[in-house]
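Each protein sequence line maps, in turn, to chains R and E. Per our numbering, the very first residue in the first sequence carries number 1; after that it's consecutive. Per our numbering, the very first residue in the second sequence carries number 1; after that it's consecutive.
For the record, the hints were derived by calculation from the structure and aren't laboratory data. Errors might be hidden in some of the hints.
[Said to hold, decoys possible] Reference listing, derived: stretches of chain E covered by chain R, where coverage requires no fewer than 3 residues with Cβ under 8 Å from a Cβ of chain R:
#, segment
1, 150-157
2, 168-176
3, 194-208
[Unchecked claim] Residues from chain E shown here face chain R by an in silico Cβ test under 8 Å; the list is partial:
#, residue
4, H32
5, R36
6, Q70
7, Q71
8, H74
9, G135
10, T138
11, N165
[Stated by the list, open to error] Some chain E residues flagged as far from chain R (calculated, every beta-carbon gap over 10 Å):
#, residue
12, S17
13, I22
14, N67
15, T163
16, G214
17, F226
18, K253
19, D295
20, A302
21, K305
22, F311
23, N351
Cβ coordinates follow ideal geometry from the N, Cα and C atoms, glycine included.
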Amino acid sequence: MGYFSNIYHGIGTLLTGMRVTGKYFLNARKGAITQQYPDNRDTLKMFERFRGEVVMPHDENNEHSCTGCQKCELACPNGSIEIIWDRVIDPETGKKKKAIDQHIYHFGMCTQCGLCVDACPSDAIKWAQNFENSVYDRTQLTRILNKPGSKVRAGVEE
Amino acid sequence: METATLEPTITKKGFKSEEYFINMGPQHPATHGVLRLLLTIDGEVIKKVEPDLGYIHRSIEKMCESNSYQQIVHLTDRLDYLSSHINNEAVCLCVENALELEVPERVKVIRTILGELTRIASHTLWWGVLGMDVGALTSYFYGFRDREMINDIFEETCGARLTMNYNIPGGLMEDIHPNFVKRVKEFIPHFRSKLPEYDRLLTGNIIFQKRTKGVGVLTKEDAINFGASGPVARASGHSCDVRKYHPYSALDKVNFTEILDTAGDSFARYRVRIAEMWESLDIIEQLIDNIPDGDHKVATNAVIKLPKGDFYQKVETARGEFGVYIISTGTKNPYRVKFRSPGLSNLSLLNHIAVGGKIGDLVATMATIDIVVPDIDR
Ligand code: SF4
Ligand code: SF4
């Protein structure tokens with residue numbers, strides 16, 4: 001190719017590319033996918049399966065369905081879950097039964113792999129969708145999932 | 001290969017010319033992660049490239065030895081994080097083969113669809129970053145725009161955008177989300193309309209062509225000698241697609257062509273990856289309407305114990321051949337796990353093809369080899 005045709009060809013390819021960007025420049029509103037993140041917090045909805053952090057839902061009677069079986073603790077690859085349990089006397093049957101004292105979740109170590117939620121036989125833990133987890137001190141990331149004074153819901157068996 | 005001499009030489013104009021060392025990385029945007037390259041250069045001409053690894057070593061192989069087989073899967077997310085779904089699949093297939101477990105057809109098809117989506121997501125990110133590396137920032141945003149749709153699909157079905165951990169030995173953690181098929185069907189025509197835009201924006205661009213054509217040429221012999229795999233080897237004419245030669249999951253049921261090129265330069269590697277995205281779209285299209293009904297997993301024991309022996313499974317990730325080698329002594333933990341990562345072999349040929357080029361060429365070569373550092377440094 002000659003010197004000048006080379007230049008013309010080069011400019012031509014650049015203009016082809018500019019046509020693409022120009023199209024988006026002129027239709028900037030249409031097809032924009034940018035989210036105005038901190039401003040859209042009220043309307044921002046995460047997908048229901050999004051793995052944010054492990055939580056233990058409690059009902060209105062302050063009851064959860066964790067039996068203290070420790071399956072989640074075993075499934076966790078990095079020891080993020082620690083179950084402190086005890087045997088308590090069941091008031092109905094009078095027999096001793098395993099019950100959790102504290103379900104400790106070290107969120108700072110968790111890799112969000114989902115194995116614990118998958119392993120729980122009584123669906124006592126599930127994923128919450130919040131993702132704004134920055135804190136000033138890492139001790140704030142250690143959470144006790146069962147609320148104070150809570151107990152296991154009647155009928156949930158290991 | 002020229003050898004580096006550190007003798008100062010006098011050029012014909014009387015200036016003293018001397019070779020010197022320069023560090024590229026470990027914190028350099030063009031090394032795509034914490035990789036340090038020790039360059040010996042003469043002016044701007046590269047005499048030697050020595051990759052220095054170890055900045056992101058996490059001893060994942062050693063960690064596997066103390067984890068159960070279900071727990072190993074999530075560690076492979078952290079190797080080549082852009083192909084995490086395919087890595088997970090490799091471990092699961094290896095464990096399933098060892099247990100002689102047949103997974104339902106539904107699982108196989110879903111795994112293949114997700115694997116090809118992963119490949120497209122990885123290639124779109126690579127395309128955007130390549131453009132940025134050679135000085136075209138626009139492509140970066142366009143690549144991320146299209147990858148976002150795939151990430152949404154992953155997030156809705158798998159629960160995470162990058163480290164999916166959706167495969168478990170025996171199947172999938174959950175069934176696909178009801179919106180999955182709809183979203184994938186929206187994505188295919190969308191991406192088909194965007195790919196020609198990629199060509200107009202970057203492929204034809206004269207500056208891009210001048211910076212990649214004839215740069216970092218790898219011959220077929222060298223590709224084989226260095227153990228290259230994936231698009232890097234295929235751009236040199238070495239046919240090595242694991243999906244063709246050892247089909248796994250539902251890949252034996254689909255029609256697709258293995259993309260080959262012969263030039264072996266950076267531009268050929270670029271063309272191979274662009275063509276692979278078209279092929280992946282074809283594969284997904286063939287499968288998405290025919291997801292068989294059935295369970296999303298077969299039950300395994302809570303504690304998986306593999307029989308005594310060694311087991312190997314390889315898959316084709318977005319970067320090439322990824323292999324999982326497990327030695328089991330019959331206990332619940334593996335005795336030894338070895339990952340064959342495509343990135344390490346592909347990086348090993350960098351010195352061979354970058355010598356004689358300029359520093360700017362090295363950046364283009366690195367970008368088209370498409371290394372992911374955590375994959376190299378396990
Ligand atoms: S998500 Fe994974 S790492 Fe986190 S607590 Fe559960 S099992 Fe452990
Ligand atoms: S959260 Fe579930 S798996 Fe963990 S101890 Fe409680 S019941 Fe068992």
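Status of each hint after checking the structure:
Evaluation of the coverage hint for the segment 150-157 of chain E: fulfilled, as 4 residues show C-beta separations to chain R shorter than 8 Å, against a requirement of three. Given as covered by chain R, the segment 168-176 of chain E passes the check, having 3 residues with a CB less than 8 Å from a CB of that chain where 3 are the minimum. Chain R is given as covering the segment 194-208 of chain E, and this holds because 8 residues of the stretch bring a CB closer than 8 Å to a CB of that chain, at least three being needed. Because the closest C-beta pair between E:H32 and chain R is about 23 Å apart, greater than 8 Å, the hint is violated.
For E:R36, the suggested interface contact is broken, since its CB lies about 27 Å from the closest CB of chain R, more than 8 Å. A hinted interface residue such as E:Q70 counts as satisfied when its beta carbon comes closer than 8 Å to some beta carbon of chain R; here the least separation is about 6 Å, so the hint holds. Taking 8 Å as the C-beta cut-off, the interface hint given for E:Q71 holds, the closest approach to chain R being about 4 Å. Hint status for E:H74: holds, given a least beta-carbon distance of 4 Å to chain R, under 8 Å.
Look at E:G135: its Cβ only gets to about 13 Å from chain R, farther than 8 Å, so that hint breaks. For E:T138, the interface hint holds, since its Cβ comes within 8 Å of a Cβ in chain R; the closest pair sits about 6 Å apart. Because the smallest distance between the Cβ of E:N165 and any Cβ of chain R comes to about 5 Å, under 8 Å, the interface hint for this residue holds. Interface exclusion of E:S17 from chain R stands, the closest Cβ pair being 32 Å apart, more than 10 Å.
Distance check on E:I22: its Cβ is at least 32 Å (rounded) from any Cβ of chain R, clearing the 10 Å threshold; non-interface status holds. Not every beta carbon of chain R lies more than 10 Å from that of E:N67, the smallest distance being close to 5 Å; the non-interface claim is violated. At roughly 7 Å, the least C-beta separation between E:T163 and chain R is not larger than 10 Å, which violates its mark as non-interface. Distance check on E:G214: its Cβ is at least 16 Å (rounded) from any Cβ of chain R, clearing the 10 Å threshold; non-interface status holds.
Residue-level check passed: E:F226 sits 33 Å from the nearest beta carbon of chain R, beyond 10 Å. The non-interface label for E:K253 is consistent with chain R: the shortest C-beta to C-beta separation is roughly 28 Å, beyond 10 Å. At the 10 Å boundary, the C-beta of E:D295 stays outside the reach of chain R, the nearest C-beta of that chain being 15 Å off. A beta-carbon of chain R comes within 10 Å of the beta-carbon of E:A302; the shortest separation is about 8 Å.
At roughly 15 Å from the closest C-beta of chain R, the C-beta of E:K305 stays outside 10 Å, upholding its exclusion from the interface. Non-interface call for E:F311 relative to chain R: holds, since the shortest CB-CB distance, roughly 21 Å, exceeds 10 Å. No beta-carbon of chain R comes within 10 Å of the beta-carbon of E:N351; the shortest separation is about 32 Å.
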